[in-house]
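If you're matching them up, the sequences are chains A and B in order. The letter at position 166 of the first sequence is residue 166 when you use the numbering used here, and the numbering goes up by one with no holes. The letter at position 88 of the second sequence is residue 88 when you use the numbering used here, and the numbering goes up by one with no holes.
None of these hints come from the bench; they were simulated from the model. Don't take each hint at face value.
Interface residues of chain A toward chain B, partial, derived using beta-carbon atoms under 7 Å [stated by the list, open to error]:
1. Arg-40
2. Ser-254
3. Leu-276
Glycine residues also receive a C-beta, built at the ideal position from the N, C-alpha and C atoms.
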Amino acid sequence: MSGAAESVDFDVIVIGAGVAGCVTAYQLAARGHSVLLVERGPKPGSKNLSGGIFYCRVMEEVMPGFVTEAPVERRITRNCLSFLSPTSFVNVDYRDQRLAEPVNAVTVLRAKLDEWLAGKCEEAGVTLLPGVKVDSLIRNGDQFVGIKAGDDEMRCHVVVAADGVNSFICQDAGIRPKEPTKHLAVGVKSVIRLSREVIEDRFNLTGNEGAAYAVVGDCTKGVAGGGFMYTNIDSVSIGVVLRLDDLAERGETSSDLHDRFVNHPAIEPFLRGGELLEYGCHLVAEGGQSMVHDLTRPGLVAVGDAAGFTLNTGFTVRGMDLAAGSGIAAAKAIDAALQKGDFSQASLDDYKVELDRTFVGQDMNTYAKAPAFMENPRLYGDYGLVLSDVLYGIYNLDTSPRKHALPTAMAAFNQSPLKVVQVVKDVLAALRGV
Amino acid sequence: MVDLGSVAERLDKNHYETDEKQSHIEVNQDLVRTTGAGPLLVRICAAHVYSLHDDGTIGVLYAACLECGTCLAVAPPGALTWHYPRSGMGVTYREG
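Take these sequences, add in the hints, and give me the full structure.
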């Protein structure tokens, strides 16, 4: 069996202590395997940044009681889908107690969450090695058999690349070439401190409830992408996500777009008087299923962002749940490989079978057309403007005689650059894509 | 107004272990100049790591890097050598 006869330091070495890496490591240790979890940051979480909420139901399978035990911020019971124009802010405001029973989504601060997750891994028997950057992989022919970090070498049966969207480990393995810029976006985020009471008043919340806004339109000055804003316990995370091809083409500056969104007249009142706690940025995979390829090699498995598991459906932006789900699938396949003593690619390809059995593989497939739909430039400009013009026509009682809503809508539509055929096509694409 | 301060002032609030011995970003200045990539790198970096010189080359304030990898993703092939800072170095997010 390839690799099985070699002496190893650990059964499995996981590179990266984010959600995907921690879930993989935890599950393998819980099944009795020796696992090393290597993290380049001085503490797990210290290099990590999220710009979305954690759809955390999947964690109950990994760590029952996750929502009550983990350092989560608020339980999301209010989701707002918002269209922003220079003068208007149109919201679909969906609030539902059912989202809290059981808890469906939470906000998290990764510095706290990932440290906790890695602590749970240690409790399960994982050896955690923080502050160590893995430089490269060790090969034996086609087989990956360990890692190099500085002068240190450590050997294992299976390496798990959980090193995030830039995955230098996958690149070192030669399996994931550079993505086109239309598959990538940069998220620029501020965490702004406000008191609990102020947050609960401004966002219309009680207790540990939370709100999450997904914003399109003027928040990015028309650059493909959007804005986000969500409540933590005593801070608000707010920022923009900007698709790199469009950001490059339109000549905008990423930090300026972030600042402009934060100080937009419709947004600023939420944040007024707040104190900046942290400013950060992170690369986001936006390619959907087209980025999910090359998941395994002999002795190597990629999970989470490193494997391209992120989804932007327009309504929901998902990464952490898919990271956890991919970690569960990877741990099952690696466990089976360890039991067989077979670390060939064919053996590890059980990972893909496991993925397709779960929501991870199936959702990536369901939303395969979402990225193409999200490329539509009208989403970031014209549609929001028409929507606000329709509402303006309804609410602006300027003493001129009223028309019914339909003619009002048609008038707004006719004044926009949108064409009927185009809109019908877009609606069909939306129905198929998201 | 939400007082964010300048980008440099914001980064002052972050915690960094600066690698005094080596930069994790190397620039092929000739390639940056000939491809005209400098202004793009200046714009896309949310941490304002890059600055444009009059001759088309760029300055690199690597200690400010937030390690997102955006510059590497948009740079012309070969213009940047960018990897994560050495073990234990670079930014430490306390919120995330």
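Fill in: In rising order, the numbers of the hints this structure does not comply with
The structure breaks none of the hints.
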